[in-house]
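In the numbering used here, the protein residues as written are 69 to 139.
Keep in mind that the hints are not guaranteed to be accurate.
[Unchecked claim] The following label-pair restraints were derived from C-beta to C-beta distances:
{"id": "1", "residue 1": "Lys128", "residue 2": "Phe99", "range": "52 to 62 Å"}
{"id": "2", "residue 1": "Lys84", "residue 2": "Met108", "range": "16 to 26 Å"}
{"id": "3", "residue 1": "Leu130", "residue 2": "Cys109", "range": "42 to 52 Å"}
{"id": "4", "residue 1": "Leu98", "residue 2": "Arg70", "range": "38 to 48 Å"}
No lab work stands behind these hints: they were computed from the structure. Even glycine gets a Cβ: it sits at the ideal position worked out from N, Cα and C.
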Amino acid sequence: MRFEEALEELEQIVAKLEAGDLSLEESLALFEKGVGLVRMCHRQLEEARRKVEILTKEGKELVPRPFEPEE
């Protein structure tokens, strides 16, 4: 599943849970599915982060180096 699809489905799950119209069993099932989607999205974001490189200028050449976000 693509990241965007998972995120959209996760948003739908949150909306259903926030509406409060579901039974406990339905809520738990959606919650579990949501947790799985969050984990999948997190893995995909981590993979994308590892692939991102920044080009830095060293002398007259551009050299790729890993992206290191400021936290």
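Evaluation of the provided hints:
Between Lys128 and Phe99 the CB atoms are about 55 Å apart, so this pair conforms to the stated range of 52 to 62 Å. Remark: the range hint 16 to 26 Å for Lys84 to Met108 is upheld by a beta-carbon distance near 19 Å. About 32 Å separates the C-beta atoms of Leu130 and Cys109, a value inconsistent with the hinted range of 42 to 52 Å. Range check, Leu98 to Arg70: about 20 Å between beta-carbon atoms, so the 38 to 48 Å window is missed.
Hint violations for this structure: numbers 3 and 4, all remaining hints satisfied.
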